[in-house]
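Position chains B and P against the provided structure of chain Z, taking the given hints into account.
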Amino acid sequence: MLLPAILYIAALVGVPLVLALLYSVGDVKVGSVGYRFVGLDNFRSVLENPGFKRALLNSFVFTIASQILSLIGGNILALALKDAFPGRRFVRYLVLLPWVAPVSIGSMGWKWILDSLYSVINWVLVRLHLVKPLDVPMWLGEPVLAMISVILVHVWHTLPFTTVILLAGWTSIPKDIPEAAQVDGAGYFRRLFEIEIPMMLPIINVAVLFGIIFTFTDMTVIYILTRGGPYDTTQVLPSLAFFTGILGSDLAEGAAISMFLLPLLAIVAWLMLRSARRAEVT
Amino acid sequence: MAIVETRKLTKTFRKGDVGAVLDVDLESREGEFLVLLGPSGSGKTTLLRMIAGLETPTAGEILIGGTVVNDLTPRERRIAMVFQSYALYPHLSVFGNIVFPLKSQGVERSERKRKADWAAGLLGIGHLMDRKPRELSGGERQRVALARAIVREPSLFLLDEPLSNLDAKLRASAREELEQFQKRIGTTTIYVTHDQVEAMAMGDRVVVMNHGRVRQIGTPAQVYDEPADTFVATFLGSPPMNLVTGAAGITGFRPEHFLPAGAAPAGDALTQRFRFSHEEYLGAERILYGALTGGLFDGAKVVSRIASTHAALFQSGADYDFAVEKRHLKLFDPATGLRRA
Amino acid sequence: MRIGRRGRAALSRVVHVGVLATFSVLLAFPFYWMLITTFKRTPDLYDLKNNPFIFNQPPTLEHLRLLFNETLFLRWFWNTTFAGAAVVVITLLFAVPAAYALARLTGDWGEKLGIGIFLTYLVPPTLLFIPLSRVVALLGLQDSLWSIIVVYPSFTIPFSTWLLQGFFKAIPRELEDAAMVDGLTRFQTFLKLVIPISVSGILTVVIFTFTLVTQEFVYALTFISSASNQTVGVGVPIYLVRGDVYYWGSLMAACLIASLPIAVVYNLFLDRFIAGFTVGAVK
Numbered sequence: 001m002l003l004p005a006i007l008y009i010a011a012l013v014g015v016p017l018v019l020a021l022l023y024s025v026g027d028v029k030v031g032s033v034g035y036r037f038v039g040l041d042n043f044r045s046v047l048e049n050p051g052f053k054r055a056l057l058n059s060f061v062f063t064i065a066s067q068i069l070s071l072i073g074g075n076i077l078a079l080a081l082k083d084a085f086p087g088r089r090f091v092r093y094l095v096l097l098p099w100v101a102p103v104s105i106g107s108m109g110w111k112w113i114l115d116s117l118y119s120v121i122n123w124v125l126v127r128l129h130l131v132k133p134l135d136v137p138m139w140l141g142e143p144v145l146a147m148i149s150v151i152l153v154h155v156w157h158t159l160p161f162t163t164v165i166l167l168a169g170w171t172s173i174p175k176d177i178p179e180a181a182q183v184d185g186a187g188y189f190r191r192l193f194e195i196e197i198p199m200m201l202p203i204i205n206v207a208v209l210f211g212i213i214f215t216f217t218d219m220t221v222i223y224i225l226t227r228g229g230p231y232d233t234t235q236v237l238p239s240l241a242f243f244t245g246i247l248g249s250d251l252a253e254g255a256a257i258s259m260f261l262l263p264l265l266a267i268v269a270w271l272m273l274r275s276a277r278r279a280e281v282t
Numbered sequence: 283m284a285i286v287e288t289r290k291l292t293k294t295f296r297k298g299d300v301g302a303v304l305d306v307d308l309e310s311r312e313g314e315f316l317v318l319l320g321p322s323g324s325g326k327t328t329l330l331r332m333i334a335g336l337e338t339p340t341a342g343e344i345l346i347g348g349t350v351v352n353d354l355t356p357r358e359r360r361i362a363m364v365f366q367s368y369a370l371y372p373h374l375s376v377f378g379n380i381v382f383p384l385k386s387q388g389v390e391r392s393e394r395k396r397k398a399d400w401a402a403g404l405l406g407i408g409h410l411m412d413r414k415p416r417e418l419s420g421g422e423r424q425r426v427a428l429a430r431a432i433v434r435e436p437s438l439f440l441l442d443e444p445l446s447n448l449d450a451k452l453r454a455s456a457r458e459e460l461e462q463f464q465k466r467i468g469t470t471t472i473y474v475t476h477d478q479v480e481a482m483a484m485g486d487r488v489v490v491m492n493h494g495r496v497r498q499i500g501t502p503a504q505v506y507d508e509p510a511d512t513f514v515a516t517f518l519g520s521p522p523m524n525l526v527t528g529a530a531g532i533t534g535f536r537p538e539h540f541l542p543a544g545a546a547p548a549g550d551a552l553t554q555r556f557r558f559s560h561e562e563y564l565g566a567e568r569i570l571y572g573a574l575t576g577g578l579f580d581g582a583k584v585v586s587r588i589a590s591t592h593a594a595l596f597q598s599g600a601d602y603d604f605a606v607e608k609r610h611l612k613l614f615d616p617a618t619g620l621r622r623a
Numbered sequence: 624m625r626i627g628r629r630g631r632a633a634l635s636r637v638v639h640v641g642v643l644a645t646f647s648v649l650l651a652f653p654f655y656w657m658l659i660t661t662f663k664r665t666p667d668l669y670d671l672k673n674n675p676f677i678f679n680q681p682p683t684l685e686h687l688r689l690l691f692n693e694t695l696f697l698r699w700f701w702n703t704t705f706a707g708a709a710v711v712v713i714t715l716l717f718a719v720p721a722a723y724a725l726a727r728l729t730g731d732w733g734e735k736l737g738i739g740i741f742l743t744y745l746v747p748p749t750l751l752f753i754p755l756s757r758v759v760a761l762l763g764l765q766d767s768l769w770s771i772i773v774v775y776p777s778f779t780i781p782f783s784t785w786l787l788q789g790f791f792k793a794i795p796r797e798l799e800d801a802a803m804v805d806g807l808t809r810f811q812t813f814l815k816l817v818i819p820i821s822v823s824g825i826l827t828v829v830i831f832t833f834t835l836v837t838q839e840f841v842y843a844l845t846f847i848s849s850a851s852n853q854t855v856g857v858g859v860p861i862y863l864v865r866g867d868v869y870y871w872g873s874l875m876a877a878c879l880i881a882s883l884p885i886a887v888v889y890n891l892f893l894d895r896f897i898a899g900f901t902v903g904a905v906k
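Chains as they are written, first to last, in the working numbering: chain Z, 1 to 282; chain B, 283 to 623; chain P, 624 to 906.
Pulled out of the complex, with its shape left as it was, chain Z reads as follows:
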C-alpha cells in the first residue's frame, strides 16, 4: 500500500535531486546530448559571478525580513481572531483571501497597485501631500523600494497561513493559565511575554521553519513583480537559477546555483526534526 507512493516520490523527487547534483558537476546545456564531468567548474563560475553574491544576500534579506514581519503580524492577527466576536467568520474569510488566491494572481493585483504611473497608493500619497506629484515613489523601479515591495507582497501572501498556524497554538493554551497569571498579579504584557508566548514557542517554531523554507525557495512574487530587477537588485537564488538554467539554457550552471539552497534546507529540516522529537518527549 505504501510502495506505489514511495516509488512515485522516489522517481519524481529523488531522481531529479540526484540529477541536479550531477548537472551541477557536469557540462549540460539544453539540447546537449551526453554528459561530461567537470568537477567544481560550475561552482567556481557561479561564485565568480557578482550577480550570484547579490542574489545570495538578497535571499537572506528577503527571507529574514519576511519571517519577522510575518511572525509579528501573524501573532497580532491571531490574537485578534482568537476570541469569538460578531462577524468573525466574515473577517476570517477576508483574511484568508491572499493565501487562497493563486500567488501569481495576487501578485499581478499588486503589480497594478504599485504601477509606476497609476499606483493608487501614490495617488493617495499625493492627495495627502506626503509626496510631490512629480516625485512619487517608484515602488518596483527603485532598488530599495523594490525589495521592500517584494517583501511586503510576499508577507501579504503568506500571512494567512502563518496566522492559522499561530491561531491553532493560541487556542490550545488552557484558559486557566492566563487566569492564574492574572490572579498572580501579572498585567497584560507580562502575561503575554512571560507566560503565553513561551508556551507558544513550539508552534511558533513550526511556523517559522515552514516559513523559512517556503520563502527562501520561492521565486514567484519576485518574478512577477520585478523579474529580479531593477538591475538584479531583487534577484534571489531561485530566480537566478531560473534565469540561468531555463531562460539562459545553461542547465549545469543553473543546477549549481540551486544547489546552494540545499545547505539551508538541510539545516531547517534538521531543526524541525529536533523540535518534533522534543515535542514528543513532553
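The hints are simulated quantities; they were obtained by calculation from the structure and are not laboratory data.
Being a predicted model, the structure only gives us computed values, none of them experimental.
Note that the Cβ used here is the ideal one computed from N, Cα and C, for glycine as well.
Certain hints may be false.
As the list claims (entries may be wrong) - List time: in silico BS3-like cross-link candidates among lysine-lysine, alpha-carbon distance up to 25 Å: (1) K385/B x K395/B; (2) K414/B x K385/B; (3) K792/P x K815/P; (4) K414/B x K175/Z; (5) K414/B x K395/B; (6) K175/Z x K385/B; (7) K82/Z x K53/Z; (8) K672/P x K132/Z.
Stated by the list, open to error - DEER-style ranges, computed between Cβ atoms: (9) T294/B x E685/P: 57 to 63 Å; (10) K290/B x L658/P: 51 to 57 Å; (11) I72/Z x E358/B: 51 to 57 Å; (12) N679/P x I68/Z: 37 to 43 Å; (13) A529/B x R88/Z: 57 to 63 Å; (14) V131/Z x L883/P: 30 to 36 Å.
Stated by the list, open to error - Take a look, some chain B residues computed to stay more than 10 Å from chain Z by CB distance: (15) T292; (16) E309; (17) M363; (18) F382; (19) R434; (20) A503; (21) S559; (22) T575; (23) I588; (24) A589; (25) D601; (26) R621.
Chains B and P in isolation, oriented as in the chain Z frame:
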C-alpha cells in the same frame, strides 16, 4: 485579614442558566474556612470567580476588607487562587512558578528567593524546586499551586475543587493536610466543592447552593442536623435523608436515626413497620433497604443505616419494627420544600 | 493614569476593532481593487486626474468581453481545472493507501517513513525544476498539460499522505478489529469502513491538493511553453501582456475571475480548511 462580603450578587448568562448566580448574600469571617457546596451548575464556581474578579457580576456588590471591589481587576484585589487543574506554568520550574507572583509585584531577587524557600518549606516541596510541572505527581503539583498561592501572603485564599484531580486514596490525606495548613496560616479561605464529605470535614461554615441560590449557611452541624429545606437535607449525608410524603407534609429522618426498635434509644419515639428488601454490607456499617408498611406512609421506600456491631439478620420480605426518635423528625412544606419544624 | 475596569474594556475593544479593520483592509484590498478595475472604462482608468476609488465614468463590461472573446483565458481556466482534477485523482490513488499503511504501521518504521515522506515535500521546485525539465523532455511531455499532471503529484502526494495519516490515526483500531471479527477482510474493512468515516479528511485533502495545483507557478512556467497549453496561474501574468503593454482592465478582470471561484469554495469549506491546517500542523 479581610472579610469577604457579597450583597445581592447576581450573574446571569445569556444562554440558559447553568452556573448562574442569583441574589447571593454572603459574609465570611476572619480566618474562617468557608465552603461553597453544591452540585454542578449550582453557581458555586461562578461565585468564586466573581470574588476573584475573573467574572463580572450582572448585579450586586462584592466587598473585600470593607471596600467595594467590583471594578478592581484580580491583580488589584490581592487575593490568591488555586484552580482545579492547578494551572501551573508548564515552561517554568517549580521555583519559577512560585516566584512568578512576586516577580509580578516587583519584589527584588533576594527577597523573592527567601519567600519562595519559605513557602516551599511550609509545603514540604523544597527538594522539587528545579523540576518542571510535567515531572511532578498530582499531589506534588497541588502543593506547588498552594505554595504559589501563599507566597504573596494574600488576605484571601480561593480554592476551586483542588482535590478533585487526586486519586481517592490521596484525597483523604491531602484533605487533612490542607485543613491543618489553613489553620496554621490562618488566612480566610473560600473553598468550592461538590463533595459533601469534604465540606463537612473541612469547613468552619458551609454555604449550600443550588440553581444559583444559597439554600443555607451554617456550621457543618447546623446544615446537617437543622437543614433549611429538602435540598440541603438530601444533599448532605450519605445515604441521603429519608423523605416520606404524607397528609401533614413531608417528613424526613436520617438513615442513622431509623433503627430497629430494640436498638433505638429509649425516649419519645415513633415506631413504624419496615418491610426489609435487601442490604449492603460496607464493613463498618450496614445499609438496609426496604419500605414502610401500614400507617400513614405505607409503601414509602426508606433506608436504614446501622453499625455492623448490630449483628441481627433480616429476612427479605419480612416485616420488622423500626423506630425514630421524635426529636430527629423534620417536617418540610411540600410546596416550598422549606423546613417547618 | 489609572484606567478603571470599564475604561480598560472600552480601550481594548477599540484596539481590537482597529487591528481587525487594518488587517482586513490590507489583506482584502487588492481583490477590491481588481473588482473596481475590471469594470472601469479604460480612459477612466488611465486618467491621473480622476479619483481612482470611484467610477468617474459609468462602469463597463468591455474588459470582460475582451477577456473572454479575444484571449485564451477560458482555455487556461479549463486547463487548470482539468489538470487539477487529474492530479487530485492521482494523488488520492497513491496517498490514501500510503497514509493508511503509515497510520497502521506499528513501531519505529512507521514513524520514520512518515517523516521521510513529509520531508520530500520540503524539497523545493526551484531546485528540482532544472533536471525535471530534462526528464519531461525525455518523456516527450514538454509543452503539454500532462507534464504537470505527472509532476505535481510529486509534492501533492507527500503533503496529502501526511495530512491523511493524521486522520487515519484518529480512527480507533477497535472499530476495524470489530469489522474483521464480523468477517470482513482487511481490504474490505478499508473500503467499507475506513474510507466512509474519513470522508471529512479525504475532502480536506481534495481541497488542499486542488489548491496546491492552482497555486503552482514554477513548474508550469518551466515545462509549458505555448500559450494555449498553459494554466491560469502562468497564463494571466505572462500571456495577457501584449508586448510591453499591460491591458490592466482585462488583466484585473482575469485576476478577479481566477480568484473568485476558489474564494467561494473556501467560504463553503472554511472551517474544514482551517481544521485541516491545524490537524496537520499542530501534530
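So, going through the hints one by one against the coordinates:
1. Among the hinted pairs, K385/B with K395/B is consistent with the structure: their alpha-carbon atoms are about 11 Å apart, no more than 25 Å.
2. Proposed proximity of K414/B and K385/B is supported: the alpha carbons are some 18 Å apart, at most 25 Å.
3. Pair hint K792/P plus K815/P holds up; C-alpha atoms about 17 Å apart against a cutoff of 25 Å.
4. A hinted pair counts as satisfied when its Cα atoms are at most 25 Å apart, and K414/B with K175/Z qualifies at roughly 20 Å.
5. Restraint check: the Cα-Cα separation between K414/B and K395/B comes to about 17 Å, which is no more than 25 Å; the hinted pair holds.
6. As the CA atoms of K175/Z and K385/B are separated by approximately 21 Å, the hinted pair is consistent with the 25 Å bound.
7. Note on K82/Z and K53/Z: the hinted pairing is violated, with a Cα-Cα distance of about 43 Å set against a maximum of 25 Å.
8. In summary, the hint linking K672/P to K132/Z is supported, as the alpha carbons are separated by about 14 Å, within the 25 Å threshold.
9. The beta-carbon spacing between T294/B and E685/P, approximately 59 Å, falls within the hinted interval of 57 to 63 Å.
10. A hinted range of 51 to 57 Å holds for the C-beta pair K290/B and L658/P, which are about 56 Å apart.
11. Distance hint check for I72/Z and E358/B: the Cβ-Cβ separation is about 30 Å, which falls outside the suggested range of 51 to 57 Å.
12. A hinted range of 37 to 43 Å holds for the C-beta pair N679/P and I68/Z, which are about 40 Å apart.
13. In this structure the hint that A529/B and R88/Z lie 57 to 63 Å apart at CB holds, the actual value being about 60 Å.
14. A beta carbon spacing of about 34 Å between V131/Z and L883/P agrees with the range 30 to 36 Å that was offered as a hint.
15. Non-interface status of T292/B relative to chain Z is upheld: no Cβ of that chain comes within 10 Å, the nearest being about 22 Å off.
16. Listed as a non-interface residue, E309/B keeps its Cβ farther than 10 Å from every Cβ of chain Z; the least gap is roughly 22 Å.
17. Its closest Cβ contact with chain Z, about 5 Å, brings M363/B to no more than 10 Å, contrary to its assignment away from the interface.
18. Consistency note on F382/B: stated as away from chain Z, yet its beta-carbon is not over 10 Å from all of that chain's, at 6 Å minimum.
19. Not every CB of chain Z lies more than 10 Å from the CB of R434/B, the least distance being 7 Å, so the non-interface label is violated.
20. At roughly 33 Å from the closest C-beta of chain Z, the C-beta of A503/B stays outside 10 Å, upholding its exclusion from the interface.
21. At roughly 46 Å from the closest C-beta of chain Z, the C-beta of S559/B stays outside 10 Å, upholding its exclusion from the interface.
22. Residue placement check: T575/B keeps its beta carbon more than 10 Å from all beta carbons of chain Z (closest about 53 Å).
23. Every beta carbon of chain Z lies more than 10 Å from that of I588/B, the smallest distance being close to 44 Å; the non-interface claim holds.
24. The beta carbon of A589/B is kept farther than 10 Å from every beta carbon of chain Z, the shortest such distance being approximately 43 Å.
25. No Cβ of chain Z comes within 10 Å of the Cβ of D601/B; the nearest lies about 55 Å off, and the non-interface call holds.
26. In this structure R621/B is separated from chain Z by more than 10 Å, as the shortest Cβ-Cβ distance comes to about 38 Å.
Violated hints for the displayed structure, listed by number in ascending order: 7, 11, 17, 18, 19.
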